[in-house]
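There are 2 protein chains.
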Amino acid sequence: MDIADMAKRIAAGERRALARAITLVESGRADHRAQATELLATLGTGREALRIGLSGTPGVGKSTFIESFGKMLTADGKRVAVLAVDPSSARSGGSILGDKTRMDELARDPNAFIRPSPSQTHLGGVARRTREAVALCEAAGFDVVLIETVGVGQSETVVAQMSDLFLLLLAPAGGDELQGVKRGIMEMADLIVINKADGDLKATAVRTQADYAGALRLLRKRAQDPDGYPRAMTVSALENRGLPEAWDALQELAGWRRAHGFWEATRAGQARYWFEETVKAALLAQLETPQARADLAALSQAVAEGTREPTSAARDFVQALGKSAAQSG
Amino acid sequence: MDIADMAKRIAAGERRALARAITLVESGRADHRAQATELLATLGTGREALRIGLSGTPGVGKSTFIESFGKMLTADGKRVAVLAVDPSSARSGGSILGDKTRMDELARDPNAFIRPSPSQTHLGGVARRTREAVALCEAAGFDVVLIETVGVGQSETVVAQMSDLFLLLLAPAGGDELQGVKRGIMEMADLIVINKADGDLKATAVRTQADYAGALRLLRKRAQDPDGYPRAMTVSALENRGLPEAWDALQELAGWRRAHGFWEATRAGQARYWFEETVKAALLAQLETPQARADLAALSQAVAEGTREPTSAARDFVQALGKSAAQSG
Chain A
1 MDIADMAKRI AAGERRALAR AITLVESGRA DHRAQATELL ATLGTGREAL
51 RIGLSGTPGV GKSTFIESFG KMLTADGKRV AVLAVDPSSA RSGGSILGDK
101 TRMDELARDP NAFIRPSPSQ THLGGVARRT REAVALCEAA GFDVVLIETV
151 GVGQSETVVA QMSDLFLLLL APAGGDELQG VKRGIMEMAD LIVINKADGD
201 LKATAVRTQA DYAGALRLLR KRAQDPDGYP RAMTVSALEN RGLPEAWDAL
251 QELAGWRRAH GFWEATRAGQ ARYWFEETVK AALLAQLETP QARADLAALS
301 QAVAEGTREP TSAARDFVQA LGKSAAQSG
Chain B
330 MDIADMAKRI AAGERRALAR AITLVESGRA DHRAQATELL ATLGTGREAL
380 RIGLSGTPGV GKSTFIESFG KMLTADGKRV AVLAVDPSSA RSGGSILGDK
430 TRMDELARDP NAFIRPSPSQ THLGGVARRT REAVALCEAA GFDVVLIETV
480 GVGQSETVVA QMSDLFLLLL APAGGDELQG VKRGIMEMAD LIVINKADGD
530 LKATAVRTQA DYAGALRLLR KRAQDPDGYP RAMTVSALEN RGLPEAWDAL
580 QELAGWRRAH GFWEATRAGQ ARYWFEETVK AALLAQLETP QARADLAALS
630 QAVAEGTREP TSAARDFVQA LGKSAAQSG
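Line by line, the protein sequences give chains A and B.
The first sequence begins at 1 in my numbering and counts up one residue at a time.
The second sequence begins at 330 in my numbering and counts up one residue at a time.
The shape of chain A in the complex, shown without the other chains (with noise of 0.2 Å):
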């Protein structure tokens, strides 16, 4: 495979050419992780999308949202690409926006390019290959990255963690259910979102946003955040209102934080973490090779059996893995 070649085409925007590599940063495989990296390298950090991280459990409408959401953007000439974190792939493999017939209409856009959750083992790794996704469509020149999750706080916390702006999507509901969103996912959230504010459900979709504008005024105050913000506000996706009014406060969060540092502060403090989290994975990968899984195996075995101590078959073994990465290096 040809890097510089794959770079200079996803810098041309090619659709083809991102998708192959977004691909090849999710393969477990040594030699395509060496060539991962390499590309990663090679499109460097120049360009920047919004990314907005985006959650919302099953049942709120976050497919037709993000639908509606993401034409609108398109119509107004802006490139969208929708990413997930789904945490359930990490131990089913299976993939929230795996079928693109949730979103049909933008999935056909030639300005939106969607695609599923990589599955892999741990959560930690899903979430480090979307990282790098995320990074793909910056370098492909996207002005608008949704990371899209569904989750119970932990997949939120990674989503957040590559995420400019964090939008939390709930549906309408009595005064009682208010109490099923974490306090911690609350605190997260830049804007939350009633949707389904439509038909019968109106009325109860303004008595939501005015529960949940209420709640948020209860939180600590965020330095990083100008007054009324974080806001709750109604839409309707299906009607498509209020989504201007969610983009434009989007926008005027997003600048306010720009002209006064925190939008610099966050990125350099993602960059530092995704960075120390690939430091470590990337030590532990030591521990995947054919040759360490199998003396592994081997002195867990002896380990189990009571004919070796732990803790000094420990350090043995992390000794043995030095020696011959130092040959083999």
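Calculated from the structure, these hints are not laboratory results.
Incorrect hints may appear among the rest.
If you want the footprint, here are the derived chain A segments under chain B, 3+ residues with CB under 8 Å [claimed, not checked]: (1) 43-54; (2) 264-272; (3) 290-300.
Nothing here was measured: the structure is a model prediction, and the numbers come from that model.
Heads up, the beta-carbon is just placed ideally off N, CA and C, and yes, glycines get one too.
With chain A held as given, fit chain B onto it using these hints.
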């Protein structure tokens, strides 16, 4: 330090040598770590104590229970060690059991050994050190090792990974408060002990015991339990009532598991687990040398400033780390 001599003294049951050895395993210094590892290797895995994990939130009378329970065992000629895993020590450096006056009679008992939780920066570090301290207590010929914790789930999980039996200590409570115990912790328990079954609280304690007995019956049957387990019972640590019955139950359960192969299987699985955790910790410890810290900080700064791309910076760092290890090794 003469490790062979220290090992001999520990095997002879010398408490001062044991205390010094635990200080050694708790140390973060690389030379101490090497000595501690050598010591653990020398002592091997021959002797076994009954390891009892013990969890209870503040206010359930945990110290009083450990003191009364421990004294009952030492009066019966048994040697008892008490260790602790304190999740808060990972943050604050503070520790439960730090104040031995909480159990002053047991602390003065020549057949008892009490040791506070190590203070480390990660719960994982606290847990690994405590697991090694348990191994030292076993090598020193203790019959029973009590591993105390207080937490909200995570510390119970690590204590369960180094215990043969897990005892959950609770206070008498009304029906509504039953919900306060997380399901995951309930599922870990082999024995639920309602303390303070004395005075005004006696009737409440009996009702609480019945509630938990009912709740335990609703849990999924575990292969490692004979009929009637896990059990809920009442004790009064203050009035020394119910403690022999609790001990009998623990012994009955332990005997059944030994006879049916679950004892060995659990120990084997735990040994594997700690071996693998120690391997991972040893790999990540490569980041803790002064040189590695300095290199990591410099690259992290370049990544934060956007002059380096995170994934390829991580690759370069790990490659350099491997080379410097090869040269120094």
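Q | Enumerated hints in conflict with the structure, sorted upward | A | none
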